[in-house]
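Novice: If you want the building blocks of each chain, they are given just below.
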Amino acid sequence: MTTREKILGEVLQNQPSSLPLPDISRFRGEKQDVVQKYKTVFESIGGKVFLVENVEAIKVLIKQHYDTGKRIATTLPEMTDVFERIIPNVEPYTYEDVELAIINAHFSVAENGAVWLSDEVMGQRVIPYICQHLGVVVRAESIVPTLHEAYDIIGEGTYGFGGFIAGPSKTADIEQALVLGAHGPLSMAVFILE
Amino acid sequence: MSQPTTKDHAALAEAFIKDEERVDWHDGALWYIREKRDIASKGIPEWEDLREAASQIKSNVISNLHEYLLQFEANLKKNGITVHWADTPEEHNEIVYAILKAKEIDQMVKSKSMLTEECGLNEYLEERGIGVINSDLGEYIQQLDNEPPSHIVLPCIHKRKEEIGELFHEHLGTEKGLSDPTQLTRVARKHLRNVFMTRRAALTGVNFAVAETGEYVVCTNEGNADMGAHLSEVQIASMGLEKIIPQKKHLGVFLRLLARSATGQPITIYSSHYKKPREGQEMHLILVNAGRTRQLGRKDFQDSLKCIKCGACMNTCPVYRKSGGLSYHNTISGPIGAILAPNLDMKRHADLPFASTLCGSCSNVCPVKINIHDQLYKWRQEIVKEGYATNTKVFGMKAMAWTLSSSDKLATAGRAGRWFMQNVPFVVNNKLNPWYKQRDMPEGPKESFTEWYIKNEQNKPD
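Chains as they are written, first to last, in my numbering: chain A, 1 to 194; chain B, 1 to 462.
Just so you know, these hints were derived from the structure itself, not from any lab. Small disclaimer: the values here were computed from a predicted structure and weren't measured. Take these hints with a grain of salt, some might be off.
Said to hold, decoys possible - Which stretches of chain B does chain A cover? Using the computed rule of at least three CB atoms under 8 Å from a CB of chain A, they are:
(1) 29-41
(2) 47-58
(3) 83-97
(4) 264-270
(5) 439-450
As the list claims (entries may be wrong) - As a list, the in silico DSS-like pairs of lysine-lysine whose alpha-carbon atoms are at most 27 Å apart:
(6) A:K37 - B:K347
(7) B:K18 - B:K248
(8) B:K18 - B:K190
(9) A:K6 - B:K190
(10) B:K190 - B:K176
(11) B:K7 - B:K248
(12) B:K190 - A:K31
(13) B:K437 - B:K393
(14) B:K36 - A:K37
(15) A:K31 - B:K398
(16) B:K42 - A:K37
(17) B:K409 - A:K6
(18) B:K36 - A:K48
(19) B:K409 - B:K455
Unchecked claim - Just some of the chain A residues that point at chain B, by a computed CB distance under 10 Å:
(20) T2
(21) R4
(22) G69
(23) A140
(24) E141
(25) A172
(26) S187
Heads up, the beta-carbon is just placed ideally off N, CA and C, and yes, glycines get one too.
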């Protein structure tokens, strides 16, 4: 008997009689004021929010707020005229010195400040984690109230990797003192396109 | 009667509580997190409904685990992930070693995984010439100090920043006396980013494994799991059998509960869904039993497998807060550890279900509504029945049973107790009485309630 058969056999023998799954369709959030709610929550977890009209406005904000003398990389086609385009076919560690990465999110979640990203928009899976600062662009109309609506949109998904990101990397492991920038980005900004 | 093979919880806690200032700080820090959990949960009007739904989903999981494991395995394979099964911690460690060996890898980076702590993976690999670095900051600090984590979410919550500064001075060459948390974190960041860049293999734990899609979710605040995984050519995930959830939409319920229960955050910074290897990368997932099927067969204790490892029961527990996680001498400490550990080794962990006041606070905050305090009480009965309780405990309980068996005996015992405490307090206020440690005994009341009641009734005007 293989280990697999042994374990599965014991599980089958020991599991109690089947109990039903609950209906969770009743869990729903309120669609109203999601942009404002998102902004409040995201700022409370250490993020920055900019409400913008178009991608050109984001370019201006980046020049004001970040060190453009350093490496800035993006997956947004509208930005590759001024910033480096992230390409998939290079070793991921070569992005270690990216100062700012700007990528599109599929949508964001008002109740917790998270943006949803899949490897389809990241260019490279490591990008939103390895950069020193992260900038994410999200359309105002795509913001959903809670994670329940979020998973309705994600569905099964065609991605190989996807993730929610809710703010800059953080730790409170030393005496519960909050420090932004543990291993990943020191800051995170969300540009909401209205 | 059998005695535990190591020092028991009370003896280990005694060392921890010698430093009163530290105990007060520890107690306060954890209670502060409990309060943050309360604020976060009250922001969700349907919180109690969510807990109930989560509990029901997990009941469905443990009662259909066989089917879900088969479904999960099939979907993992479809996604290009190699599946391994391990019945024991040793088997798990052998599998990891074989994967690394085949690729001639001798250094690995690991994100937080209580399971691999439970398996003693680091020691096993180090004995075979493979270096492992824990990348979660708290676990990294614990590794530097050669100590296990004391809390499943906050691994070094029992340490003061000066002690961490001293460890960094010794191991990382920082200046002596540095104790600022931000500066210490920056030093670790620099050091660990270099580790991520140079490791070909990364191992992570698993928070939720979705049977329906064959993907798994890892939650961190630091981003260490992702840094390791996305820079590696071999990615390994180790999970206990019970981490399965049926459908992807159920993540909505669990991710809403997890971080709010753990630290009061609305969600962890990173909730990463791993589904397929990246091009040129190998992905392995190890399904580990290590006693879980046995716990599944224990009717009174099978619900402990619903745990999502948020640590809320630890933060709220008056005994945990005052005794520290290391005094539980088990990878998972606190109330949940005390109901999981006896399943692994009842004799060795016979003391743990007694490290509780049975106040029930753990059950009240548990996001999946495990009846933790009931299970603690049931383990006590099991342990005494199996003959694993200490002699003093057995004698004490027998004396208690005799005293409570009739009202006359109780009244006599009460009178004797009050007389001793009033007239010869040194008989109880000495180090032979464990209740006297770190505290004074209260002044004995002059009379019992029964005596007061009878006197009062007699003096009542008709």
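Novice: All the hints need checking, so say for each whether the structure fits it.
Specialist: Here's how the hints hold up against the structure:
no. : hint            : result
1   : 29-41           : holds (count 3)
2   : 47-58           : holds (count 6)
3   : 83-97           : holds (count 4)
4   : 264-270         : holds (count 6)
5   : 439-450         : violated (count 0)
6   : A:K37 - B:K347  : 53 Å, violated
7   : B:K18 - B:K248  : 48 Å, violated
8   : B:K18 - B:K190  : 36 Å, violated
9   : A:K6 - B:K190   : 45 Å, violated
10  : B:K190 - B:K176 : 18 Å, holds
11  : B:K7 - B:K248   : 44 Å, violated
12  : B:K190 - A:K31  : 42 Å, violated
13  : B:K437 - B:K393 : 17 Å, holds
14  : B:K36 - A:K37   : 20 Å, holds
15  : A:K31 - B:K398  : 62 Å, violated
16  : B:K42 - A:K37   : 16 Å, holds
17  : B:K409 - A:K6   : 55 Å, violated
18  : B:K36 - A:K48   : 22 Å, holds
19  : B:K409 - B:K455 : 20 Å, holds
20  : T2              : 8 Å, holds
21  : R4              : 4 Å, holds
22  : G69             : 21 Å, violated
23  : A140            : 20 Å, violated
24  : E141            : 21 Å, violated
25  : A172            : 8 Å, holds
26  : S187            : 12 Å, violated
Violated hints, in rising order: 5, 6, 7, 8, 9, 11, 12, 15, 17, 22, 23, 24 and 26; the structure is consistent with all others.
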